[in-house]
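Peer 1: Residue strings, one per chain:
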Amino acid sequence: MNASPARAPRSAPSPAVPVLEARNLNKSFGAVSAAADISIEFATGSKVSLIGANGAGKTTFVNMVTGYLKPDSGAILLDGVDVTKKKPRAMTHLGVCRSFQIPQLCEPMTSVENMLVSFGASGRRFSLFRPCGSEGSEDEARAMLDRFGLTQYADRVVAELPGGVRKLLDIAMAMVRKPKVLLLDEPTSGVSAEEKFPLMDTVMAALAHEDVTVLFVEHDLDIVTRYSDRIVAFYAGKIIADDRPDEVLSDDAVQKYVTGGAR
Amino acid sequence: MHGKTLKTLLGGAVLMAVLLLAGFAAPQWLLFTATKAIGYGIVALGIVVLMRGGVVSFGQGMVYCAGAYAAGLIAANWGLTDALVLLTIGGVTGIVIGAVVGPLIARYRGIFFAMLTVALSMVLYGVLVKMNQIGGSDGFNVPEPTFFGWPPDRDSADLALYCTAIVVAGVTAMLCRVYFDSMAGLMSRAVRENELRVEYLGTSVHRTMVLNFVVAAGFGGVGGALNGMALGHVDPLFSFWTTSGEFVFVAILAGPYSVAAVFVASIILELVRSFSNLYFPETWQLVLGAFLLAVILFLPEGIGSLWAKGRIIAPRTPRDDVTRSRAAEDRSTGGSRVATATRAARPTAKEPQA
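Respectively, the protein sequence lines represent chains A and B.
Using full-length UniProt numbering, the first residue of the first sequence is number 1, and each one after it goes up by one.
Using full-length UniProt numbering, the first residue of the second sequence is number 1, and each one after it goes up by one.
Please note that the accuracy of each hint is not assured.
[As the list claims (entries may be wrong)] Footprint (simulated), chain A over chain B, 3 or more residues, beta carbon under 8 Å:
id, region
1, 102-108
2, 155-165
[Unchecked claim] These stretches of chain B come out as covered by chain A in the derived footprint (C-beta under 8 Å, 3 or more residues):
id, region
3, 2-16
4, 116-122
[As the list claims (entries may be wrong)] The list that follows gives simulated cross-link-like pairs (lysine to aspartate or glutamate, EDC-like), each with its CA atoms no further than 20 Å apart:
id, chain 1, residue 1, chain 2, residue 2
5, A, K180, A, D229
6, A, K85, B, E199
7, A, K180, A, D37
8, A, K47, A, D72
9, A, K47, A, D155
10, A, K70, A, D37
11, A, K180, A, D82
12, A, K178, A, D211
13, A, K85, A, D139
14, B, K4, A, D139
15, A, K87, B, E199
16, A, K70, A, D82
17, B, K309, A, E107
18, A, K256, A, D211
19, A, K87, B, E195
20, A, K180, A, E41
21, A, K178, A, E194
22, A, K86, A, E21
23, B, K4, A, E140
24, B, K309, A, D155
25, A, K86, B, E195
26, B, K309, A, E160
27, A, K196, A, E186
28, A, K47, A, D220
29, A, K70, B, E199
30, A, K85, A, E107
31, A, K86, B, E301
32, B, K7, A, E135
33, B, K4, A, E135
34, A, K87, A, D72
35, A, K178, B, E199
36, A, K178, A, D222
37, A, K180, B, E199
These are calculated hints, taken from the structure and not from any lab test.
Each residue gets a CB set at the ideal place from its N, CA and C atoms; glycine is no exception.
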């Protein structure tokens, strides 16, 4: 295949110490290059969309950043510290948390119990002897549900909840640790068209007062335009555009390889 | 201490006292049957701990046997016959085995975990059968236990061991209940439901599984030591797969929610076995099988589901929230206990009219 289009120059200035930085990341699966010399920085508090067709390398990038995949070469830095070899659990401890395309929840438990799991896993409320839910932990869990508009679903079993609510709960659980970087894998996939914007409004409102960098993988261009202040477009394992939403979506290469002229 | 924990401990203490008193009125055969059932129950409780984490061990006979052999060998060779010491030795043996085997086996799930545990227990069985120095396939006799230096006579030996079993089982059960109700217990259930999520929330699934395995192994060792003393004899059949199957039988019969149900299920197993053995000596397993089938069909979550549910956090009503916010307000304003009680009582009385 011909060489992929060159990466567009970034107009936004780089921060002094980015919260998350990837340097020359490479990852191949056999003959397929899923990440080819990816270098990128993310500023604290930014809302960044990762777009690209299936197989473009978005998920590989997310998996490398969360420690699920190790890059063949290159480095990942969190607050300037090399975290390339860290595993997912260690990355979570360091402040990189994620939600999933298919919400990963404890289905037979209620929403508040799921939230307590998150508090327990964060270590803030872990104990071998204190009853779970005691000493205000249940109140904290319910407050977090309230922040994501889930109060009415608090005592309902997760398996019975609608898709949008499950997505919100998945994201709320990831927020318990107060992460530095939050990765949302397709937060609106599987959610009806009418629910998408209210869902994203709720998420963004809940994150508004947090100093968290949000990276979300998303296919819906209306969503990325409205909710991100920067878009990174992937194609064939490379970043082909990285700029403000209007700039990226009007980029020729992006229109050719990513949006297909959808906008 | 938290109210819920206190309630658990008080409830357990009262139940223990009742069962201890009942022991003085019970016939000799029932004391022996109950002691043996308690030993089985403690081992099965370990399987319930594992079940709550999403795995079932079909080889719990390994730690059961190891606990019994360790206690029995020390009693027979060193003359150390105090029941509590022997139970401690059994428990420590189980914990040591669990700590060695647990990290290796905790990465497996489902049938692989089950088969590996069976394999390990059968390895121990094979080794013990060949070890003629400690009795080979015949095993060896365990000396009569003493109790804080007191050697009971023939008439009171069963009662003394029964009382010891009640105390040990009571403490084990209460600790287990406290663990199940704790955040660590909740994490164990979360591991069963979604390991990926737990790992990405920052908790080690492996560590949780190892912890459960070690706890279960410790319980297995205690149960083995207790039954070794109750029977007065240990042999390699303690580690045979059919013995492990009986523990799984008890755990399934009990279900994952109630600790007390494990001991009820264990008593049921022993009674069904004893009476069936008496009246249908050739087909008593058939009776057990039919009984288990009935429980699986009509009480799929075990007999414990008759009185205990899987909910961890009780649903909260808006009224609860009002009460809690008032309590929090009182705490923050430093209101006295009397003032708090008065204020909490007043709106409650008015609420139905509102």
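Peer 1: Next, verify each hint and record whether it holds.
Peer 2: Each hint tested on the structure:
no.	hint	result
1	102-108	violated (count 0)
2	155-165	violated (count 0)
3	2-16	holds (count 3)
4	116-122	violated (count 0)
5	K180/A x D229/A	holds (17 Å)
6	K85/A x E199/B	holds (17 Å)
7	K180/A x D37/A	violated (24 Å)
8	K47/A x D72/A	violated (27 Å)
9	K47/A x D155/A	violated (32 Å)
10	K70/A x D37/A	holds (14 Å)
11	K180/A x D82/A	holds (15 Å)
12	K178/A x D211/A	holds (9 Å)
13	K85/A x D139/A	violated (37 Å)
14	K4/B x D139/A	holds (17 Å)
15	K87/A x E199/B	holds (10 Å)
16	K70/A x D82/A	holds (13 Å)
17	K309/B x E107/A	holds (16 Å)
18	K256/A x D211/A	violated (35 Å)
19	K87/A x E195/B	holds (15 Å)
20	K180/A x E41/A	holds (14 Å)
21	K178/A x E194/A	violated (29 Å)
22	K86/A x E21/A	holds (14 Å)
23	K4/B x E140/A	holds (19 Å)
24	K309/B x D155/A	holds (14 Å)
25	K86/A x E195/B	holds (19 Å)
26	K309/B x E160/A	holds (18 Å)
27	K196/A x E186/A	holds (11 Å)
28	K47/A x D220/A	holds (15 Å)
29	K70/A x E199/B	holds (17 Å)
30	K85/A x E107/A	violated (32 Å)
31	K86/A x E301/B	violated (40 Å)
32	K7/B x E135/A	holds (16 Å)
33	K4/B x E135/A	holds (12 Å)
34	K87/A x D72/A	holds (15 Å)
35	K178/A x E199/B	holds (17 Å)
36	K178/A x D222/A	violated (27 Å)
37	K180/A x E199/B	holds (18 Å)
Going through the hint list in order, the structure does not satisfy hints 1, 2, 4, 7, 8, 9, 13, 18, 21, 30, 31 and 36.
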